[in-house]
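> Sequence:
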Amino acid sequence: MKLTTREKSALFMEGVVTVILLLMLNLALLVLIVQAIESNPGLRDGIFIIKRSVVLGPNHFQLWSWENLFIGLMLVADALVVWWRLIRRYRQMQLRHIIDELHYIANGHFDHRIPFRVSGDVQRVVDSVNALVDSVINSMDEERAIEKSKDELITNVSHDIRTPLTSIIGYLGLIEDKQYHSEDDLLKYTHTAFLKSKQMKSLVDDLFEYTKVRQTDTPLSLTNINLAAMLEQLGASFELEAQKKGMTIGAENSSETMMMEADPEKLVRVFNNLVSNALKYGDGGKHINLVAKQLSDSELEVRVTNDGPKIPKESLNMIFERFYRVEESRSKETGGTGLGLAIAQSIVALHGGYIYVESDDALTSFVIHLPVKHDHPLEIPQRLKTPGQ
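Take the sequence shown: its letter number 201 is residue 200 in numbering that gives the first Met the number 0, and every next letter is one higher.
Hints listed in this document are in silico derivations from the structure and should not be mistaken for laboratory results. The structure displayed is predicted, hence computed values, not measured ones. Be careful, since some hints might not be right.
Pairs of lysine to any residue residues, derived as SDA-like cross-links and limited to a Cα-Cα distance of at most 25 Å, are as follows [as the list claims (entries may be wrong)]:
1. K211 <-> S138
2. K195 <-> D159
3. K7 <-> H96
4. K211 <-> S201
5. K279 <-> H190
6. K292 <-> I224
7. K243 <-> N288
8. K309 <-> S254
9. K285 <-> D262
10. K7 <-> L22
11. K372 <-> S220
12. K244 <-> L152
13. K372 <-> A348
14. K285 <-> P311
15. K195 <-> S166
16. K197 <-> V135
17. K197 <-> K211
18. K195 <-> E240
19. K279 <-> S364
20. K279 <-> L233
21. K244 <-> K309
22. K7 <-> I97
23. K195 <-> T162
24. K279 <-> L152
25. K211 <-> E146
26. K292 <-> E255
27. K147 <-> R161
28. K292 <-> K195
29. K149 <-> L164
30. K7 <-> L20
31. K279 <-> S166
32. K244 <-> V267
33. K279 <-> K147
34. K285 <-> S220
35. K285 <-> A228
36. K147 <-> S166
37. K312 <-> K195
38. K292 <-> P370
39. K200 <-> I97
The whole structure should be built from the sequences, with the hints applied where relevant.
Right under this line is the structure:
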């Protein structure tokens, strides 16, 4: 830390004043001791005997002047006092600078940090203050992001509900006003209103599920399950739907038995969402594969792959965000709510695992890593972490 010219002058003057006061104190002590010795013959003779008996060094040097020894000791003591006094004063100046910096930050300059380095424990205080400010700024940014996310959630939900609701009200209004020409028109209007109602229910159900699994204290009905058997059954349940799309679906497992602790109902929801996405958006693809393997005694990996269209690179980091759609028009055709992948990610996180996506011209793979034991969650690789995670 650099001192200002004024502080350097104040430090110098304090040193000079301290030296003068100590010299005056030394002189007064010396005069008092000399007077005491001169007025006491016994003390004077005792000091003389001590001087004659004290021999220093190999040359048997005798101490002839006690005044010189006293003055030397006092000078050493004075130097220590002056050094202690200046160091103490210097640290007070450092503390004043730190307090000024804190006041500056507290006045709203949150992008500012205490810039100087000091010695000793004071530097630990400075580092702690800077770390605290960084933590507060991160918390404020996260709070703003949460508020923005809530606003976006309300906006998206309002938009997605308003669209089918407008259609429902419109068609029911035609029926209410008897603006139909035949029973076929009446059935057409009611059928359209029914389909739009189902679309609204699907959105509300997904939204409820999303908000429920987003809570970190959401309870899981844990049980030991055979992941390999679960994927086999899942593939079989989607065979008919895949055939209608001109696709095949199969499960490949590195072992017939892959036991793990999980909530089977919620885990099935994850795989259902991923397979449903592959069927909806895998236009032109022919194969969907569920590939599971045991990476270690504590970790399993599941890949849900399809050979459909490649996901654009700019969408890979956003694909798990709620309401995000890679192709807006295609999502409307398929009736997706944009919450399926966000729900899948939240359920995987509740199980202590993580999920990410890889996509190239040949394959698109949703990769899930799950712990074998629920109470031993996996560490998310640094390359997959988002800011603030």
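> None of the hints should be skipped; say for each whether it holds.
Checked hints:
1. K211 <-> S138: The given pair, whose Cα atoms are some 23 Å apart, holds under the 25 Å limit.
2. K195 <-> D159: holds (11 Å)
3. K7 <-> H96: Satisfied, since the Cα-Cα distance of roughly 14 Å is no more than 25 Å.
4. K211 <-> S201: Given that 25 Å is the threshold and the Cα spacing comes to 15 Å, the pair holds.
5. K279 <-> H190: holds (23 Å)
6. K292 <-> I224: Holds, at roughly 15 Å.
7. K243 <-> N288: Answer holds: K243 to N288 is near 17 Å, not above 25 Å.
8. K309 <-> S254: Violated. K309 to S254 sits at ~30 Å, over the 25 Å cutoff.
9. K285 <-> D262: Cα-Cα ~31 Å, so violated.
10. K7 <-> L22: holds (23 Å)
11. K372 <-> S220: holds (14 Å)
12. K244 <-> L152: Roughly 32 Å separates the two Cα atoms, so the pair is violated.
13. K372 <-> A348: holds (13 Å)
14. K285 <-> P311: holds (20 Å)
15. K195 <-> S166: It holds: about 7 Å lies between the C-alpha atoms, which stays within 25 Å.
16. K197 <-> V135: Given pair K197, V135 is violated - Cα atoms ~45 Å apart, limit 25 Å.
17. K197 <-> K211: holds (21 Å)
18. K195 <-> E240: Holds, because 22 Å separates the two Cα atoms, which is no more than 25 Å.
19. K279 <-> S364: Holds: K279 and S364 sit about 15 Å apart, inside 25 Å.
20. K279 <-> L233: Satisfied, since the Cα-Cα distance of roughly 17 Å is no more than 25 Å.
21. K244 <-> K309: Within the cut-off at roughly 18 Å; holds.
22. K7 <-> I97: holds (17 Å)
23. K195 <-> T162: holds (9 Å)
24. K279 <-> L152: holds (24 Å)
25. K211 <-> E146: holds (18 Å)
26. K292 <-> E255: Distance of about 10 Å is within 25 Å: holds.
27. K147 <-> R161: At roughly 21 Å apart (the allowed maximum being 25 Å), R161 and K147 satisfy the hint.
28. K292 <-> K195: Violated. K292 to K195 sits at ~41 Å, over the 25 Å cutoff.
29. K149 <-> L164: Since the Cα atoms of K149 and L164 sit roughly 22 Å apart, the hinted pair holds (cutoff 25 Å).
30. K7 <-> L20: holds (20 Å)
31. K279 <-> S166: holds (24 Å)
32. K244 <-> V267: holds (22 Å)
33. K279 <-> K147: violated (30 Å)
34. K285 <-> S220: violated (36 Å)
35. K285 <-> A228: holds (23 Å)
36. K147 <-> S166: violated (29 Å)
37. K312 <-> K195: violated (33 Å)
38. K292 <-> P370: holds (12 Å)
39. K200 <-> I97: violated (59 Å)
Hints 8, 9, 12, 16, 28, 33, 34, 36, 37, 39 from the earlier list are contradicted by this structure; the remaining hints agree with it.
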